[in-house]
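**Student:** Residue strings, one per chain:
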Amino acid sequence: MTAAAPLLRVEDLRVHFDTDDGTVRAVDGISYELQRGRVLGIVGESGSGKSVSSLAIMGLVDGERARISGRVEFGGRDLLALDPEAMRAVRGNEIAMIFQDPLSSLHPFHRVGDQLAEAVRAHRDVSRAQARARALELLELVGIPDARRRMDGYAHELSGGMRQRVMIAMALVNEPALLIADEPTTALDVTVQAQILDLVGRLKDELGMAVVIITHDLGIVAETADEIAVMYAGRIVERAPVARIFSAPEHPYTWGLLASIPRLDAPRGEELVPIPGTPPSLLGLPRGCAFAPRCPYAQPRHHEVDPRAEPVPGDPAHVVACLLEPAQRRRLWAALRTPERA
Amino acid sequence: MARYILRRIGWTVVLLALVSAVTFVIFYALPSADPAVLRAGRQASPELVAQIRARLGLDDPLVVQYWTYMKDVVLHFDFGFSYQSGESVRAAIVSRLPATISMTVGALVIWLATALPIGVISAIRRRSLLDRVTMTGALLAISAPVYWLALVALYLFASDIGVIPIFDGANTYVGITQDPVQWFASLLLPWLVLAAGFSAFYARLLRANLVEVMGEDYIRTARAKGLPERRVVWRHGVRAAITPIVTVLGLDIGVLLGGSILTESVFNIPGVGRYAYDAIRTADLPAIQGTVLFAAFFIVVANLVVDIAYAFLDPRVRYG
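Top line first, the protein sequences correspond to chains A and B.
Going from the first sequence to the working numbering is simple: count from 1 and add 71.
Going from the second sequence to the working numbering is simple: count from 1 and add 18.
To be clear, the hints were calculated from the coordinates, so they are not data collected in a lab.
The model shown is predicted, which means the values in this text are computed figures rather than measured ones.
Please note that a few of the clues may not be correct.
Unchecked claim - Pulled a few chain A residues facing chain B out of the computed Cβ check, cut under 8 Å: (1) Arg-159; (2) Ala-160; (3) Gly-163; (4) Asn-164; (5) Ser-176; (6) Leu-177; (7) Pro-179; (8) Phe-180; (9) Glu-189; (10) Ala-193; (11) Met-241; (12) Leu-268.
As the list claims (entries may be wrong) - Ranges between beta-carbon positions, derived for each pair: (13) His-287(A) - Leu-34(B): 53 to 61 Å; (14) Glu-277(A) - Ala-226(B): 44 to 52 Å; (15) Glu-277(A) - Thr-30(B): 57 to 65 Å; (16) Glu-116(A) - Leu-269(B): 46 to 54 Å; (17) Val-266(B) - Arg-107(A): 51 to 59 Å; (18) Val-266(B) - Asp-172(A): 26 to 34 Å; (19) Asp-325(B) - Leu-131(A): 36 to 44 Å; (20) Asp-172(A) - Leu-36(B): 39 to 47 Å; (21) Asp-149(A) - Arg-249(B): 25 to 33 Å; (22) Pro-135(B) - Phe-317(A): 38 to 46 Å.
Beta carbons are placed, not taken as given, at the ideal position from N, Cα and C, and that holds for glycine.
All chains, full assembly: derive it from the sequences and hints.
**Tutor:** In structure tokens, the structure reads:
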């Protein structure tokens, strides 16, 4: 792609959990790169491994039974090789994360201002007053009205949107180079969702950071992301610049995701098409393509052979892991989108 | 908040009146020895017993007796006189409070000083050897009845009868103002015995709470901020896990201030619990009433203090 070294390079990242019932392959060899100032959307159903992969980058996968392998290169270091103290210095400082439910993610007993100031003092040798001043600055930056008063309030006194703004302020208080947003809008009202996404987009430009947005909703990342990675059963099945995902998706699972987004310009009466079946258990995945059991185009061979992520012919930025022939995929997609055009 | 407290105090008064009425009824409804006979001594003449009955007011209707009693309690804070010794019940209880407070405070210090670190460490190092050993020990300590534990402790460690005589045994209590060193020495064994069960219970409670709290989203947030693990555990984890424990703690302190009957009896510590035990044994109604009301009072007050404290500990709680 570009000549500049990427900010984040994830290489063959695997997170396996040993359980009494066998090995759960939550993340099973994913790779991607992210440049400074860019936004990557990771899309997938619950249980596809999108959150776990990001927690692994943060060093927050807990449990002694978790096995993490691969490389996570960030600013020239392999994060997976760092010792706990070095990793702690990265967390919340160079890489920050916000979560799905801002109410449960904020401490119920500590004042909002204290929680932010604490994040500053975890990484900067500053006085309490300086940390609080920085906290206030950030609360104002994320658009909390009457921020000075809110500093002494508690999370439960805020609305959902305001709580997520507080979480964002807390994440950005040390000006991280990378922000990971794990379903940042899922717990919020639709109108608030747009505000939060706008805020993230604006702050990304102001602070020049890279962003990973994790979501189950392609619609959320359609406008914010530069690139989209679609995850299924612990793997990235398709990765492409955002426009390509919507105009020329290659993977049948992506087609399914697109068909399940409601559209205002769709003809009246056109139904949303759910993807049939349920995601597979990550415990003892079947041989072959993990999506094959739900794929309407699967052939017997697809249940035997493991698909590999390969660039789409003529488009090196577009990677797909599908066993269908490229020409066949194009024919199928063309046929699928025709009724929409009518 | 002020209105809430006033309302609670009002209910406290109602509750104490109910407790005293119930004690009264139980005392008369259940078969017990006639206090007048007990007071009159062996082979007393019927005339003497009748005379005592009349003097103690035992011939009056129950309602009248109750009314007379409550009038004195409310108007003069007078709990009557012991049937047995003729001593003022109020004075008797007040004179025995220091021993009970000594028992409570000493045991409290020991059980918190042991339960907190054990609970936290076993929650953080779950399934470690230390966790397994302490939690099994805690289960044993909870299961052991305190009177049995007290007798075993005396048998093993008391300076007079003990196999390994290292602690002062029963019957050695002196007031703290009299001889602080002897006070401490005599209470050490009772403290340990009384604290054992509480310590075990609190360690298990704290462990369970902390294990749950450490799985909360806000703990993940604290780690995501890059806080040192020690700060994550204590400032974020323990802070949240300890709050519900404060409720239980307040009530336990209230109960203990009402007198720990078993421990005080085994070690013969002249506290309120020992007084209550003697009162029950001799069917000494005024003394029973007095100790029951005192105990109920401490529990109700502890309850109120706990509820008020909770509003400060958990900002989500607001009373209207």
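**Student:** Each hint needs a verdict: does it hold in this structure or not?
**Tutor:** Now the hints, each set against the structure:
1. Given the 8 Å rule on beta carbons, the hint for Arg-159(A) holds: about 5 Å separates it from the nearest Cβ of chain B.
2. Taken as an interface hint, Ala-160(A) checks out: its beta carbon lies about 7 Å from the nearest beta carbon of chain B, inside 8 Å.
3. Because the closest C-beta pair between Gly-163(A) and chain B is about 3 Å apart, less than 8 Å, the hint holds.
4. For Asn-164(A), the shortest C-beta to C-beta distance to chain B is roughly 6 Å, which falls under 8 Å, so the interface hint holds.
5. Here the hint on Ser-176(A) is kept, as its CB sits about 4 Å from the closest CB of chain B, short of 8 Å.
6. Restraint check, Leu-177(A) versus chain B: the minimum CB separation of about 6 Å is within 8 Å; hint holds.
7. Satisfaction of the interface hint for Pro-179(A) is found here, the shortest Cβ-Cβ separation to chain B being roughly 6 Å, below the 8 Å cut-off.
8. A cut of 8 Å between beta carbons decides the hint on Phe-180(A): the least distance to chain B is about 6 Å, and the hint holds.
9. For the restraint placing Glu-189(A) at the interface with chain B, the shortest Cβ-Cβ distance is roughly 7 Å, inside the 8 Å limit, so the hint holds.
10. For Ala-193(A), the interface hint holds, since its Cβ comes within 8 Å of a Cβ in chain B; the closest pair sits about 5 Å apart.
11. The closest approach between the C-beta of Met-241(A) and any C-beta of chain B is roughly 7 Å, which is under the 8 Å cut-off, so the hint is satisfied.
12. For Leu-268(A), the suggested interface contact is broken, since its CB lies about 20 Å from the closest CB of chain B, more than 8 Å.
13. With their beta carbons about 58 Å apart, His-287(A) and Leu-34(B) fall inside the hinted range of 53 to 61 Å.
14. As the Cβ distance of Glu-277(A) to Ala-226(B) is approximately 45 Å, the hint placing it in 44 to 52 Å holds.
15. The supplied range of 57 to 65 Å is met by Glu-277(A) and Thr-30(B), whose beta-carbon atoms lie about 58 Å from each other.
16. The supplied range of 46 to 54 Å is met by Glu-116(A) and Leu-269(B), whose beta-carbon atoms lie about 48 Å from each other.
17. The supplied range of 51 to 59 Å is met by Val-266(B) and Arg-107(A), whose beta-carbon atoms lie about 53 Å from each other.
18. For Val-266(B) and Asp-172(A), the hinted distance range of 26 to 34 Å is satisfied, since their beta carbons lie about 29 Å from each other.
19. Between Asp-325(B) and Leu-131(A) the C-beta distance comes to about 37 Å, which sits within the given range of 36 to 44 Å.
20. For Asp-172(A) and Leu-36(B), the Cβ-Cβ distance of about 45 Å falls inside the hinted range of 39 to 47 Å, so the restraint holds.
21. Remark: the range hint 25 to 33 Å for Asp-149(A) to Arg-249(B) is upheld by a beta-carbon distance near 26 Å.
22. Taking the beta carbon of each, Pro-135(B) and Phe-317(A) are about 57 Å apart, not inside 38 to 46 Å as hinted.
Consistency with the previously given hints fails for numbers 12, 22, ordered from lowest to highest.
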